[in-house]
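Asks: Sequence:
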Amino acid sequence: MRGVVAALASALVAIVAARLGYALTGVADDWGAHHRIMATFGRYELALGLVAAASLTGAASLLRRGRSGRLMALACVFAAGVAIVLGRPPLATGMLGVAAALASGWAFAKPIEERAVRAGSLLVSLILSLAVQSLAPALTPLILFPTLAAAGGIVAVRFARHGDWIAAAMGVLPLAYLMVFGHAVLLALGVPTPEVIGVFVLFAAPIVLPLASVVPLRLTFAALLTAAALLLTIRAAPASPRYPALSQLYGVADPQGRQWLVSPLEQPDPWTMAMLRRDGAVPTKVSMPLIANDPVWRVPARDQAVPSPTIRIAREGEWRRIVVTPAGGGRTMTLSLATNTPLRSLVIGERAVPVPGMDRTRVKVRWQSTGKPVVLRYRSRRGSYLRVVAAETTETRLSLPLRPATVLGWQGSDRIIAIAAASSSE
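If you read the sequence shown in this note's numbering, its first letter stands for residue 4, the second for the next number, and so on.
In short, the hints are calculated from the structure, not lab data.
Among the hints, erroneous ones may be present.
What the hints assert, rightly or not - Derived CB-CB ranges, DEER-like:
#	residue 1	residue 2	range
1	Y246	V85	25 to 35 Å
2	L126	V85	24 to 34 Å
3	P244	G155	45 to 55 Å
4	R245	P303	32 to 42 Å
We treat Cβ as the ideally placed atom computed from N, Cα and C, and that holds for glycine.
Required output: the full structure, derived from the provided sequences and hints.
Replies: This is the structure we're talking about:
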């Protein structure tokens, strides 16, 4: 049983360490700076590989040496706490940190025989094989190769003269396969999901745990320090023409006729901040939900008026009919619905769509604008209150100086967003 928990603990420790490493890059709390990781993806991926190797070899050394698991448990909780402080505080990170602490504290408290390590880690692989075969048959080779190698290693150690060497040779190709597949998965899911390496650590545990017990602990610490150094170099990587800093500025014309210059970046680059401070303005952070989910930097802007979309609300029996007409030339349309009764159903055009989000009294939807009116209908009882706010991203661009070569406008930057509002309390 302790062999099973040790394999799970190594995967959980790798996940917690990967989340901490992602926070060390300095982009965990700045969604607009992920390009810094992509610009140095080789370093980032190598650092995650070192974290995975360190979790496996460190776990193997602790299992055979019988070192106290208390220090490992405290380290897991500390790493999870630092990851939460440096980045966004997801509840999952804290829960995984506690789970890793409990698992490692129990698994590494006393020495364990190599036979138990092999049997326990192989049991994890067999359970995973059944689950993968049932839920995602196409991924069966991902766990099948390491499982066969681990089973062959057990037989070789039991009956062959040089069983350890044979087991190691049998594990080379499955480990290489896991690395190649892990690279593809990391690219597919995106760099903000480093916890995916925990899955591959769990798949590799039956091969690595029984063989890595002779690896000195100092090599584990050296791997972790090297990974931390690589991640910190990503944090300190300067902007350059090849890997420019990202800039994002929008003009906003609100329903009251006021014009604003806003940037949704958490930490704007110097050029973007200079544009916000132009004319002596002092940027402040405010909430503009139709522009970004998080607060944005905002200053009053010069005259940049553009036509706003129009909104008409009418009652059709138990349905409310909302007609949103773009002002023309818009690229995207974002609509916010706020009502004092939960939305039961929503129809856009002739298509019924699920009501997004948990709070059905406040709904936000977005679609590509074609320049033609769009009709929305939702079922509500009479007397309910409704407020509709529409934001149209227009083709009209801001008048800004040319950016330097080290700065790049990103994701529709420099466009003007026209906002209109309407309400009804029939």
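Asks: Between Y246 and V85, does the C-beta distance stay in 25 to 35 Å?
Replies: holds (27 Å)
Asks: Check the following: the C-beta atoms of R245 and P303 are separated by a distance inside 32 to 42 Å.
Replies: Holds - the Cβ-Cβ distance for R245 and P303, about 36 Å, lies within 32 to 42 Å.
Asks: State, for the Cβ atoms of P244 and G155, whether the hinted interval 45 to 55 Å holds or is violated.
Replies: Holds: the Cβ-Cβ distance is about 52 Å, inside 45 to 55 Å.
Asks: Confirm or reject the claim that L126 and V85 have a C-beta distance inside 24 to 34 Å.
Replies: Holds: the Cβ-Cβ distance is about 33 Å, inside 24 to 34 Å.
In terms of the numbered hints stated before, the structure departs from none.
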